[in-house]
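Trainee: Chain by chain, the residues run as shown.
Protein chains: 2
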Amino acid sequence: MTDYKAPVRDIKFVRDEVFDFPALWQDLPGCEEASPDLVEAILEAMATFCEEELAPLNQSGDAEGCNWTDGVVTTPAGFKEAYKKYAESGWPGLTSPEAFGGQALPPSMESILNEFAGSANWAWSMYPFLAKGARATIIAHGTKDLIEGYIPKMVAGDWTGTMCLTEAHCGTDLGMLRTKAEPNAEGSYALSGSKIFISAGDHDLVENVIHIVIARIPDSPPGTKGISLILVPKNLPDADGNLQPNGVSCGSIEHKMGIHGNATCVINFDGAKGFLLGEVNRGLNCMFTFMNTARVGTAIQGISHGEIALQGATKYARERLQMRSLSGPKNPDGPADPIIVHPDVRRMLLTIKALTEGNRLLIHYLSSYLDITRLSEDEAACSQAEDLLGLLTPIAKGFITETGFECANHGVQVFGGHGYISEWGMEQNVRDSRIAMIYEGTNGIQALDLLGRKVLGSQGKLLEGFINEIKTWSEQSSDSTIKAERIGALGEAVAQWAKLSQEVGMKAMTNPEEVGAASFDYLMYSGYVTLAYLWLRAAEVAEQKLQGGSEESDFYTAKLETTRFYFDRILPRIHTLAATIRVGADSLMTMDEQRFVVGLEIS
Amino acid sequence: MTDYKAPVRDIKFVRDEVFDFPALWQDLPGCEEASPDLVEAILEAMATFCEEELAPLNQSGDAEGCNWTDGVVTTPAGFKEAYKKYAESGWPGLTSPEAFGGQALPPSMESILNEFAGSANWAWSMYPFLAKGARATIIAHGTKDLIEGYIPKMVAGDWTGTMCLTEAHCGTDLGMLRTKAEPNAEGSYALSGSKIFISAGDHDLVENVIHIVIARIPDSPPGTKGISLILVPKNLPDADGNLQPNGVSCGSIEHKMGIHGNATCVINFDGAKGFLLGEVNRGLNCMFTFMNTARVGTAIQGISHGEIALQGATKYARERLQMRSLSGPKNPDGPADPIIVHPDVRRMLLTIKALTEGNRLLIHYLSSYLDITRLSEDEAACSQAEDLLGLLTPIAKGFITETGFECANHGVQVFGGHGYISEWGMEQNVRDSRIAMIYEGTNGIQALDLLGRKVLGSQGKLLEGFINEIKTWSEQSSDSTIKAERIGALGEAVAQWAKLSQEVGMKAMTNPEEVGAASFDYLMYSGYVTLAYLWLRAAEVAEQKLQGGSEESDFYTAKLETTRFYFDRILPRIHTLAATIRVGADSLMTMDEQRFVVGLEIS
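Protein chains in written order, with this note's numbering: chain A, 8 to 610; chain B, 8 to 610.
It is possible that part of the hints are untrue.
Copies of the same chain look alike in the list, so a pair counts if it fits in one copy or across any two.
Straight-line Cα separation of at most 27 Å, DSS-like style, residue types lysine-lysine; simulated pairs [as the list claims (entries may be wrong)]: (1) K552 / K19; (2) K514 / K280; (3) K552 / K490.
Read the hints as simulated data drawn from the structure, not as lab findings.
Full structure from sequences and hints, please.
Mentor: Here you go:
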């Protein structure tokens, strides 16, 4: 079993030292209360809760899984008690408005809780995190009555929530959905239909689950233009506030690769009473409130699993004695050297470290813009932040979950045979991490969103904005050695990014398949360049601290070394990506369907 | 569930058309019986057995797993009956000498059985395949008495076998082993100690398991020079041939990520009677008979899982309707287009196809040299074949298992959310495939073997031999369009391979860590170049068939298209690898141990 320790120090480095959240918050209305002392205390409390209450249930939750019997879903032992403590400690209301009982902290604080709780126990963490997205959607699109009727209970953690999109025949292609919402006389709707893959869809942690459901109201246009968003509680509060069954039931739960502690439900609606959120037929737009929150949350999953891999594999590599160093014994009194001396083990550990800490930089960089869009009253700043969020969200979701899975796999490999055995927690980490590349829009969909909608759809404007920021920073005078050393590589990678975008854009004008042919590799390219920029910013800060005589020499030196490793060993992945982006759609598109498998009756 | 169909047509293409096994066998003694008709009949029988008997037990075997109760291991339902049919059909003796009841077919035939059975049910296939390695080791190193006493029973499939290397404190570093073999008066040995991670170590398929154990005889030198190889039966045949318990017991079985149907055992030896194989203290050398067989077998695991991903994901992508093609509807009468029209889905499917079919080329290319070393009486040919096998075995084991895991993961991704659900078989395919990168020597160890021992250890001779073969073929005049089109890219990749080898060799003379720093990426580079060569050979053949008016136009056209895809989209991975091989050891080796994780008490 891996003991998890929340990386509080690194969070403070990233937020306070690299991105200067304290300065950012000084200018944001509503952040007056968020003093560094308060944030420090919250970080420590989060860490303690996640380390002591959630992490011990991670492996047992995986082994036990959820149970479905006659429509009743039971979570693994201890989950309910941990959730009770979570709610009692006020964590569900961390960033919710004070009017509803929340603590009204800036939204970026959720990114920390999300990572810590997710590392400690991703399956458990999905119950409260889906509730968070549901709350945000109701607050954004609900009527006053709905907000007052549902939000206080959700902020208190008494009720959780879900996002009900997928049906058996449609996941990505939501325009095909069949769930119906028929108007009732008094303005509510009667929902009927069946949704699948509903994470945290039903469980025994709380008395009520509030489903945010996309459905079709009769006579709506076909496709995505005829989708409405409906709030459907599992249990309906009556006039006295007592909960009454509402025709919502869990038909079954899925057996799956990982996140066994989270119930993935078939949810059936049989004339369930629901309430419109937003306007009729504008459901998909409203749902994006939920989806954007959920995409950032899912991106963080990559960091959560990367951190588990880093801590587990580093501990193991320091302790496990096997073979001698090629350059002579490093542990001459022992029977062998710790495997951390071997370059190939270091390659894996440093890859985990460079990607995970780099991904953490990306999430908090992005989260700083989340705070601006949510809190700033400066319209220009908000607009610029929205642009950056639009660009960076699909990069974060796609890139961080891909590299998080990679890191989880390196974690297994460092352990050798022991990595494959359940006892050590590394194989669960792989299984749990795998879903992040799929849900909240597969990474293929993120890639299309990035290249098709965000980059080309804005005629390059969104990308240009970000590239200009990188250029501005690059041109700032600095006495940083590492910046001088690596700025050329960053500049080349960025210039090529712009060029590749133009090239694909030109080709797409004559062949629309070129976008889909390039998109996934383009997303990964974007991620590697973005991390190179952020690592170099972090390294410059670390160097300044060392020059200033910091006592944390190991911490800051590691940042410089990891940056060098990143530029030496990770950033060169763009060479291949540039080639495969440029090669175009031809060799993807020529093969006829029947030629993918020839001569075998597989269908 | 994925219905598996054995790719008989592709095996025939690879073996008969690309590598011309019939011509090879004409010159090999002992292959006289192996007529094309016989081979065809065997292929069909293998396919039928694997499709009908093994595949149906794959998912149920995973779900049920093995059971250990009071030292008794029970395999999943149906495994025993399938094994009985397997043995009765004579499959254990496919390539064993006729003198022991075998059919004496060339060893490369095992590579086919290995793939088909492995695709159908990898966990099951490990029981007979480990027995195969044990048999080969006994035949190579056993006394006449041991061979006569054990081999006929093993060829008949009445007894299986294992390889007992790992102990709790040593896996890669076998020199640290503690299991003792104390001489008995009559020349046998009394074994005591405990081995872990023994695949197929105990089970209910047969009445006896023959363990091939490495152990230390008293007063042997320390380290790897004091290791001896001992045959230790679970049950000892007495003078009448009745089996008596021999102090060998299964202490427990592991809970692991995948291959649940195969028992991974702790095997305890308590004064068990054993018999020396080979010479005292030469055990590790003798064990390599087993290891080399096992490494090729493990390499094939990557093909097995890749083929499952290809068949499953292709079928799904043809049937699943989601979204419209960016270049206009392809299924205008349906509610959406099949996802196989989308370029990003094609990217994943073609990656699986190019890697899996390419890996199959590599295995049978390698297997042709296996046949030569085992059967040829031409010393020069044997020596050349040994050299190529030495070079290609670690490439095959490392590269094919890495890319096999990649393919299994693409299989999940094509299915979207359904890929993560157990029902469809894709997630099991990932879990089962993951172990192949670890066992039989982790891929990091394969990489060191390749670069350190094989390439640099031979002063480049082994690599030069292979490169010369590629050059010779490249220079052969040909009217092949695709060869003309891609030979330049192959030539550049090969030239760079030679250059990179020299560069690392030069650097290693001053810093031995350079080998370990480059080795893994070097192994992957080697794999991509090797597949490029073999794909181009295959494409040339396919083109000839099309020019000759073949009626199998889809089959051969797909080979050309997949080759183009491979050169366009897969081979460019060498650009990154060349950069990371060249960058050297510095940024890997500078970080002090304590800096990998700073400020958290993880140990």
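Trainee: Against this structure, judge whether each hint is valid.
Mentor: We went through each hint and held it up to the structure:
no. : hint        : verdict
1   : K552 / K19  : within (14 Å within a copy, 65 Å between copies)
2   : K514 / K280 : neither (50 Å within a copy, 73 Å between copies)
3   : K552 / K490 : within (14 Å within a copy, 57 Å between copies)
The earlier numbered hint that this structure contradicts is number 2, and it is the only one.
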